[in-house]
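*Asks:* The primary structure of each chain is shown beneath.
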Amino acid sequence: MKTFRPAAMLALVAAVALGACAKKEPPPPPPTPIPAPTAVPTPVPFKVKDVDLGKSIGDDKKIKDAAAAFAPKDTIYAAVSSEGAAAKATLKARWTFGAKNQVVNEETRDIAPMGPAVTEFHIAKPSGWPVGKYKLEVSADGASVATKDFEVKK
Amino acid sequence: MAFPDEEEPDFSDVKSGSSSSAEAPKGEAVTRTYTVVGGDSLSKIAKKIYGDAGRWREIFDANKDTIKNPDLIHPGQVLKIPGA
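So the sequences go chain by chain: A and B. Sequential numbering from 55 applies to the first sequence in our numbering. Sequential numbering from 100 applies to the second sequence in our numbering.
Isolated chain A, as found in the complex (with noise of 0.2 Å):
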C-alpha cells in the first residue's frame, strides 16, 4: 500500500507551478549599431572667390551683363563673390587709369560674411570715362586677390 506523502505532493505541485510561471528570457537584443561619428563641419575661412565685370548688378548683387568694355558714360560694376564666414573681412576696390596706374578711385567695405556673398563696388563719371585701358584691383584684408582689365571705347 502506497502512502500518501503531503510534502513530496507539495514538492511536485511547486515544479509544476514554477514550470508553468517561469517565462522564457527574450534572446538579448541585437547590438546597436554605434553610428560613425559625423564630421562637424569647420568653418570655411573667408575667402575671394571670383571678381566680375559688367554694367548693371541683380537685387543679389550679381552682374546682370558681363561686359570688359564700356561705354564713357556707363557705371562700371564690380561684383566681388566670395565665400566662408568672417567676423570682419575688409574688401577693397582700386580702380586704375592706364598704363601709369592713375588712381581713378578707391573704396573700402567691410563686411561679416556668414557664407557666399556678394558685395559690389561701382564707379560712374558723369562727365564721361575717357577713352583707354582701365584696371581693378581687388584687395581683401590687405592683401590683393584678384585683378581685372577692361577698356572704355567710344
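None of these hints come from the bench; they were simulated from the model. Misleading hints may appear alongside valid ones.
Derived DSSO-like pairs (lysine-lysine); straight-line CA-CA distance at most 30 Å [unchecked claim]:
#	chain 1	residue 1	chain 2	residue 2
1	B	146	A	103
2	A	187	B	125
3	A	202	B	143
4	B	143	B	167
5	A	187	B	167
6	B	114	A	207
7	B	146	A	116
8	A	115	A	207
9	A	101	A	208
10	A	101	A	142
11	A	115	A	189
12	B	143	A	207
13	A	103	B	114
14	A	207	B	167
15	A	115	B	167
16	A	202	A	187
17	B	114	B	143
18	B	146	A	207
19	B	147	A	118
20	B	147	A	208
21	B	167	A	202
Source: prediction; values computed, not measured.
Put chain B on the given structure of chain A with help from the hints.
*Replies:* For chain B alone, kept in the frame of chain A given last:
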C-alpha cells in the same frame, strides 16, 4: 603713343558706391574711405560724396589725425568718410 608729360585725365568727379549681400560687422558702421586724386579738395570730395560741398568739415574732422591743413591734401592720401 603716350608722351611722358601728357596731362593726366581728371577723375575728381568720379562717383562711387558699394553694397553687399553680407552684413556689416556688428557694432560697426560701414567704413568707407576715399583716395584723393589730383585736383581734389575737401569741398570737392564732400560734393562728390554727400552732394554738398559745405560738408567738407565732417571729412576734415574725421581725418584730423592725418590732415593738419584742410587746404592741403595729397593725391593718394586715403581719407575716412564719416556717415557715407
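*Asks:* A separate judgement is required for each hint: does it hold in the structure or not?
*Replies:* Status of each hint after checking the structure:
The suggested pairing of residue 146 of chain B with residue 103 of chain A is violated, with an alpha-carbon distance near 35 Å, which exceeds 30 Å. For the hint linking residue 187 of chain A to residue 125 of chain B, the alpha-carbon distance of about 38 Å lies beyond 30 Å, and the restraint is violated. Of the supplied pair hints, the one linking residue 202 of chain A and residue 143 of chain B holds, its CA atoms being roughly 28 Å apart against a limit of 30 Å. Our distance criterion of 30 Å between C-alpha atoms is met by residue 143 of chain B and residue 167 of chain B, whose separation comes to about 18 Å.
With a CA separation close to 36 Å, the supplied pair residue 187 of chain A and residue 167 of chain B exceeds the 30 Å bound. Under the criterion of a C-alpha separation no larger than 30 Å, the hint pairing residue 114 of chain B with residue 207 of chain A is consistent with the structure, at around 19 Å. A hinted pair counts as satisfied when its Cα atoms are at most 30 Å apart, and residue 146 of chain B with residue 116 of chain A qualifies at roughly 29 Å. For the suggested pair residue 115 of chain A and residue 207 of chain A, the alpha carbons sit about 25 Å apart, so the restraint of at most 30 Å is met.
The hinted pair formed by residue 101 of chain A and residue 208 of chain A fails the criterion: a straight-line CA distance of about 36 Å is larger than 30 Å. As the CA atoms of residue 101 of chain A and residue 142 of chain A are separated by approximately 12 Å, the hinted pair is consistent with the 30 Å bound. Only pairs whose Cα atoms come within 30 Å are accepted, and residue 115 of chain A paired with residue 189 of chain A is accepted, the gap being roughly 21 Å. Restraint check for residue 143 of chain B and residue 207 of chain A: the C-alpha separation of about 27 Å stays at or below 30 Å, so the hint holds.
At most 30 Å may separate the alpha-carbon atoms for a hinted pair to count; residue 103 of chain A and residue 114 of chain B meet this at roughly 26 Å. For the hint pairing residue 207 of chain A with residue 167 of chain B, the CA-to-CA distance comes to about 41 Å; that exceeds 30 Å, so the pair is violated. As the CA atoms of residue 115 of chain A and residue 167 of chain B are separated by approximately 39 Å, the hinted pair breaks the 30 Å bound. Taking the CA atoms of residue 202 of chain A and residue 187 of chain A, the gap is near 11 Å; set against the 30 Å cutoff, the hint holds.
Proximity of residue 114 of chain B to residue 143 of chain B is assessed by CA-CA distance (about 11 Å); at most 30 Å being required, the pair is judged to hold. The hinted pair formed by residue 146 of chain B and residue 207 of chain A meets the criterion: a straight-line CA distance of about 28 Å does not exceed 30 Å. Between residue 147 of chain B and residue 118 of chain A the alpha-carbon distance is near 27 Å, which keeps this suggested pair within the 30 Å criterion. At roughly 25 Å between alpha-carbon atoms, residue 147 of chain B and residue 208 of chain A fall within 30 Å of each other, so this suggested pair holds.
A hinted pair counts as satisfied when its Cα atoms are at most 30 Å apart, and residue 167 of chain B with residue 202 of chain A does not qualify at roughly 36 Å.
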